[in-house]
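Engineer: So you can see what is in the structure, the chains are spelled out below.
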Amino acid sequence: MIISVASGKGGTGKTTIAVNLALSLDNVQLLDCDVEEPNAHIFLKPEIKEKIPAFIPIPKIDEVKCNICGKCREVCAYHAIAVIPSSDGDKGSVLIFPHLCHGCGACSLLCPQNAIREVNKEIGVVEIGTAQSTQFVHGRLNVGEIMSPPLIRQVEDHIDPAKTVIIDAPPGTSCPVIAAVKKSDYCILVTEPTPFGLNDLVLAVEVLRKLKIPFGVIINRSDIGDDEVDKYCQDNKIRILLRIPFDREIALLYSRGIPLVQEKPEYKEKFRRMFDVITKEMS
Amino acid sequence: MKQIVVISGKGGTGKTILTASFAALAKNKIMVDCDVDAADLHLLLHPTVKERYEFKSGKTAKLNKKICTQCGKCIALCRFDAISDNFAVDPISCEGCGLCSLICPVGAITMKENTAGEWFISDTKYGAFVHAKLGIAEENSGKLVAKIRQVAKEIAERDRLDYVIVDGPPGIGCPVIASLSGVDCAVVVTEPTLSGLHDAKRVIEVCTHFKVPVKMVINKYDLNIDVTQKIEAYCRSGNIEIAGRIIFDSSVPRTLVKGITAIEGASEEVIKEIKDIWEKIFT
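Sequence lines, in order, name chains A and B.
For the first sequence, this note's numbering begins at 4 and goes up steadily by one.
For the second sequence, this note's numbering begins at 2 and goes up steadily by one.
If you are wondering where the hints come from, they were derived from the structure by calculation, not from laboratory data.
Among these hints, one or two may not hold up.
Quick look at which bits of chain A chain B covers, simulated, 3 or more residues with Cβ under 8 angstroms [to be verified]:
#1 76-86
#2 141-150
#3 247-259
From chain A, some residues computed to sit far from chain B (all C-beta separations above 10 angstroms) [what the hints assert, rightly or not]:
#4 Leu28
#5 Asp37
#6 Gln116
#7 Ile162
#8 Pro174
#9 Glu266
#10 Lys267
#11 Met285
All residues carry an ideal CB built from backbone N, CA and C; glycine is no exception.
Using the sequences and the hints, build the whole thing.
Structural biologist: See below:
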């Protein structure tokens with residue numbers, strides 16, 4: 004089973020839930036798909052055994068074959084190609100903007116002169132390792148790169164279906180989140196009981212309904228705000244899987260990069276029971 | 002006119018609370034919420050929408066099954082696995098490259114423009130506010146960010162405003178870079194946790210990459226003084242200005258629940274700290 008942990012709003016406790024759920028179960032693989040700001044490794048301290056550079060294909064023009072016909076610019080939906088037409092005996096040229104390229108392959112496939120081939124551009128790295136008995140995979144997007152979904156997909160290429168897979172997703176509701184949660188069988192939404200938490204929870208719920216992924220909610224720091232999240236979940240028949248009250252000790256453990264279940268083993272039992280509830284719902 | 006963006010790398014460190022406080026403190030300014038897929042600033046600024054616009058961006062493939070001969074060329078060539086084995090387009094996976102429509106031998110696929118969201122020009126008691134709502138599971142958040150920043154800048158120039166104050170998204174990817182380009186100063190809000198430090202470092206690298214000056218704010222600094230000192234040491238070693246610290250205080254989430262800015266309802270100490278930060282950034 005693949006369980007993703009997502010949230011809408013950032014900083015609600017996704018990584019805490021993903022890491023501690025992983026440490027409470029057997030035969031687990033944890034994938035940190037927040038490739039812009041991965042944090043799970045801070046808590047798991049995995050021994051990294053393999054580093055695989057992540058690439059996306061971008062076009063490269065063969066200037067000898069290219070006759071500046073402009074077809075590539077015309078077919079590129081992302082405005083990643085500009086053509087400087089020939090003038091005064093100058094042949095003209097084709098400019099590529101790699102940051103805008105989505106790697107769809109249209110230009111290379113449709114070039115009438117066969118003058119475009121694809122070359123790899125590195126956008127980040129996938130790192131694989133182990134932390135105690137947990138298998139660990141994460142991606143790190145290079146600074147200055149804008150497109151995280153291809154890297155997220157490359158992290159997910161390492162999913163081991165023989166294990167319970169836990170995916171730590173990025174915050175938000177747009178393409179990176181969708182790339183991260185799309186393959187999951189179940190999604191845990193982590194929120195906090197404030198108007199911000201509720202607003203972003205509602206958006207995340209809409210995303211999951213659109214993707215048709217079953218989900219439940221964890222209310223973290225459950226006593227810091229109001230009861231509007233509770234009401235929303237009740238009205239919309241959304242299961243509340245767990246409530247974690249605010250506890251300065253938990254916040255301190257988090258700040259030091261220490262997994263909650265390591266110091267407060269009673270939470271192991273809570274996470275296991277929650278996992279049983281999810282498994283039951285899914286069967 | 003100066004443009005200032007509040008970012009953090011890690012989510013949930015207090016970007017929106019700080020931006021709203023600046024909105025309450027600064028004079029002659031316009032606010033922009035660039036966290037377009039999980040926007041929260043409106044929950045504190047209570048805007049009255051004056052103008053509303055559709056955000057059209059990107060396209061989605063539409064396959065006409067009456068014309069389709071099921072040759073399978075589109076399935077074979079689509080890099081985004083957006084066409085299923087039974088020739089249905091998955092609009093969520095489709096990235097709108099249009100390759101399928103260009104190579105379909107019988108012209109069964111057309112590209113339809115998406116309405117990817119909405120954006121608004123609003124009035125608030127603190128001044129004008131430009132904000133947006135990205136459609137559920139839509140792409141192109143970077144383009145929407147660029148659009149609303151452009152609109153805000155034009156209003157600021159027209160009305161001779163002194164500041165554009167931008168609430169940025171978490172992460173380091175596409176919408177963050179769109180929020181950051183060309184601003185005069187990035188306020189990086191972090192928290193004294195190892196994750197907060199890790200993520201702040203990455204977002205500062207992005208700022209450096211795009212040559213944007215950084216001013217650092219450490220929120221909830223007393224949660225872990227050791228890590229706060231680590232962050233401050235990191236700033237000093239990298240010549241990064243520290244704009245100030247804000248204490249961890251339960252009066253802050255209470256202002257969220259009330260829907261007011263921290264300046265209007267947090268403890269005296271918090272208000273003073275934020276005012277000092279504001280002085281350092283805006284003078």
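Engineer: None of the hints should be skipped; say for each whether it holds.
Structural biologist: Hint check results:
| no. | hint | result |
| --- | --- | --- |
| 1 | 76-86 | holds (count 3) |
| 2 | 141-150 | holds (count 6) |
| 3 | 247-259 | holds (count 6) |
| 4 | Leu28 | holds (22 angstroms) |
| 5 | Asp37 | violated (8 angstroms) |
| 6 | Gln116 | holds (17 angstroms) |
| 7 | Ile162 | holds (15 angstroms) |
| 8 | Pro174 | violated (4 angstroms) |
| 9 | Glu266 | holds (15 angstroms) |
| 10 | Lys267 | holds (17 angstroms) |
| 11 | Met285 | holds (22 angstroms) |
Going down the numbered hints, you'll see the structure goes against 5, 8, while the others check out.
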